[in-house]
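> Residue numbers (the numbering used here), protein chains in the order written: chain A, 1 to 756; chain B, 757 to 1099.
These are calculated hints, taken from the structure and not from any lab test.
Be a bit skeptical, because a hint or two may be false.
Quick list of simulated restraints, FRET-style, between CB atoms [as the list claims (entries may be wrong)]:
id	chain 1	residue 1	chain 2	residue 2	range
1	A	Cys449	B	Thr878	38 to 46 Å
2	B	Tyr1009	A	His409	55 to 63 Å
3	A	Cys449	B	Leu1005	47 to 55 Å
Listed next, the stretches of chain B that the computed footprint assigns to chain A, with coverage defined by at least 3 CB atoms under 8 Å from CB atoms of chain A [unchecked claim]:
id	segment
4	833-840
5	924-933
6	958-968
Since we're looking at a predicted model, the values are computed, not measured.
Glycine is no exception: its CB is placed at the ideal position from the N, C-alpha and C atoms.
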Amino acid sequence: MSPQKRVKNSQVQKRTSQVSGNYPTHLLAWEEKEDLNDSKYSLKRGQNNPVEDYGHADDQAEDALQIAVRYFEKGPVKTSQNKDKILEKHLKTVENVALKNGLAPEGIDILLNVALSGKFGSAVNTRILKCMIPTTLISEHSVVKAVSWLCVGKCSGSTKVLFYRWLVAMFDFIDHKEEINLLYGFFFASLQDDALCPYACHLLYLLTKKENVKPFRVRKLLDLQAKMGMQPHLQALLSLYKFFAPTLISVSLPARKKIYFKNSENLWKTALLAVKQRNQGPPPEPLKLMLGPAKVRPVKRKWNSYSVIPVLNSSGCSKECGKKGMILSNYLSSRELFPLEQLKSFPQLLKNIHCLELPSQMGAVLNNSLLLHYINCVKDESILLRLYHWLSQTLQEECIWYKVNNFEHEKEFANFLATINRAQCFLQEGFYSCETFLYKSLPLWDGFCCRSQFLQLVSWIPFNSFSEVKPLVFDHLAQLFFTSTIYFKSSVLQSLKELLQNWLLWLSVDIHMKPVMNSPLETTLGGSMNSVSELIHYVGWLSTTAMRLESNSTFLLHFILDFYEKVCDIYINYNLPLVVLFPPGIFYPALLSLDSSILNQLCYIMHRYRKNLTAAKKNELVQKTKSEFNFSSKTYQEFNHYLTAMVGCLWTSKPFQKGFYIDPDVLEKTGVAEYKNSLNLVHHPALLSYAVSFLLREWPEERTTVNMSSIRVNKFIFIMFQEFTIALFYRKICTFTFLPVLSLLPPQNQSEMFAS
Amino acid sequence: MDSYESAPQHIASSRLKDYFIGATPLQKRLESVRKQTSFVPTPPRRKIPQCSQLQEDNDPQKVAFLLHKQWTLYSLTPLYKFSYTNLKEYASLLSAFIAAEKQKGLAVEVGEDFNIKVTFSTLLGMKGTQRDPEAFLVQILSKSQLPSENREHKVLWTGWFCCIFGDSLLETVSEDFTCVPLFLANGAETNTAIVGTWFQKTFDCYFSPLAINAFNLSWMAAMWTACKMDQYMAATEFLWSVPCSPQSLDISYAIHPEDAKALWDSVHKTPGEVTQEEVDLFMDCLYSHFHRHFKIHLSATRLVRVSTSVASAHTDGKIKILCHKYLIGVLAYLTELAIFQID
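Same shape as in the complex, but just chain A (with noise of 0.2 Å):
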């Protein structure tokens, strides 16, 4: 499209904007200007279409458009001969015109009265309307004024019925609904004929606001009903008017959903989605905020007839019935309420947040995304509770293992978990309900119904003082991980990972804005990191216990290592004034661990506790005064010690020298006549199959004798630098490499720096 048709676009587009901002004076523009023959100027429309050869052809059409809409205009002429001929061509010229490009409200206005007036044929003013599409938008006024045909009576049934699907269908691009509000009286009243009926009702549904709403209309409707039995579309008009005056109308609905209106606007389909595109420019992207499936499976419950989770519906009644004892300034406000119905995006919920109307039953808030945003940010404790309420008795009623022979709804109850966690992530927060859900069925749980989803909700558990919630859910934990397969215990340490990893943003966040607090020991910040080094303490119990029933099994030591993956970092990562070290019944088997992946993930953890301390370290010096939360010298003393071991085995081929005494006689059993320098780089067995490959490479020919102690370590080092990088095994690999390790070295210097 060349620049000069672009400017001309959206010239148009504002002119078709300022068109339906006011529309009388433009139109007799339009008329003035066609007198003038200036057809060029005032047609011009549907360029929005990139059209390849537009030029003269296009021209050449609207001309034709103009001449068509001229005869249309003057209707027909009664003397010519060929007169059918003449109809027939200018039919075709508005068609065509029509379903290429739409026609202006211009075009629109004049031949919607045409077609109304009943000046030609029946068959002709169906033909008319069936091209009524419009470029872009209608004007409402030429809407009232076709509707004002209607009441001359001179249009035929179909053309009626016609006209009615033709306003459904096109609702959505008409430019104001004030005017045709106004005639809400009239539209009711076609509801008589039979024929026209269930279009009206669709027209209806699309108009009715909450002041349409009338007792008499009710009753009108229900007389109706009365008449005419179960019809879709009364069903549709009055369940809306329940919906706006619940006082007035009760309404119950198959279980199915039906279709209410038959599908009116299909003569218009891939006419209106051109149009629509033309308006919108391309198809906006779908919501991406809503959480799960809106869908909801029949279950056979009497109570909750649809699902676990209700329906989301604005909350009618209650607000209705206290309408009497209102005061006004109350009643004026209520009027404004934004239906829930309507929220689809989150710019209308930050539009609306102050008057939104809030669901009848506040489950539903749990399968929209918009509405979890909201309860996130209102201060009103009643919502809170509200959810609290129907939350736990939700989970008690359907949990499996609370009462026998509920087992059948197995993926039911699971799924529902999978909804709650997915809420609970979307809102970085754990819902009180599930952490008293926790208390009372951990008990009972026997560790392999809904395995992952409840676990999750362990993981989701708010922050709280641990001793207090150490009874209640993680002894009972304790003893299914400890009685339980592998496999589970990695799932509950990778779900006590979580937990840290929840406890650790919200204390990060919420710590640091009150400085000083005086209230009861628990609030403050030594409190709460008491509670953090507790729980990492008992993960850390948990895991080397855990390690010597499973003999040290690798898979179990890589989800121990993750766990403290977490743990290094938090001084640095969450601001947070914590190291807690591991238990040596974790650093030793990962030190002297046959996996070299292990031994990776070890020399990472280290590196980056170094990196905790040192800042802490730093810290200290810089703050001069004492606080509360200088790191004993013991932490220090700790990482010594460890760093020590490790550099002594890996490097210095010095291993064990301090506080270690190996019986001579059980060392000459082994075999190893050079124990201590078996575990450096070059020998240690994890990384065996790097030092042999490395050989090979460096000494092709010698095939037979592979003696390790000619590997120099430098270069061996960088080789099997390469090597890791290259393997791409695990995916720590690309985070880190055994150059940290070096970065520990030498360890004197490291030493003195850690001195306490």
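Add chain B to chain A, keeping to what the hints say.
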């Protein structure tokens, strides 16, 4: 790394603080749940139901109506935005709802004449303390078609809501809520379901069937035996169920009420109160007596029903109250159980 002091000022969010102080109703709820879960679920001692605590202004006719009927028990979470001044509107809305439910798919006008009528009425004086919200009664009546006898409506279904000594629950909710945790229904289950659904939709509450476990049944047995009666109307009877196939075996054990009272008096020590030890002892005496005669260990079976002259209760959550004098006492215990369930 950001040093510790230069941490950005976070926007004040008070959740964490609230959490520790336990200031909000929600926190109080959580606290109470924690306590309940971590300690013995029921307090080890309760008061023996005292002679009528019904206040003067109750309607004896209505109270009489509640007695000698079998009620199915439900627990109910607090009603949101329920107002005692709107009972009339509720009645017309509910009757329209029922009419609409009965002819699914049809809309009905609120206030139109159906062949059923719903009434809401308060049960004055049915409370333990002044703080307890007023109990109320909901009835579905059938209207007779003949205009001549329009006085007599047949009662199709009755349900009532009450809260007796519900302090522990009342403390934990804000004023938008009405706490009537105990709901009792008599009539067709379908009607209960319709009424329940309407309440759930209208007041965002939740009904759950309230079952009574054997532990609580033995408490009932002890407490009700302890009640002083002028005259006994029925035998004290226990029903145990033995889970064996193909059909379960029921053991019924009836005692003369005066004998039961004598047994109770022999184990009872603290005046005016019942303790856990006393309950256990009372039941143990019954067990050993039975074992002496029939060589059956009742303690290995499941207690499913207790009936005394005060009331009778079934483990399925069915209750029949017989004695007007101890109505409030019985309801107080049931309220306690209901509150425990919704916590």
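> Could you tell me which of the hints above the structure violates, numbers in ascending order?
2, 3
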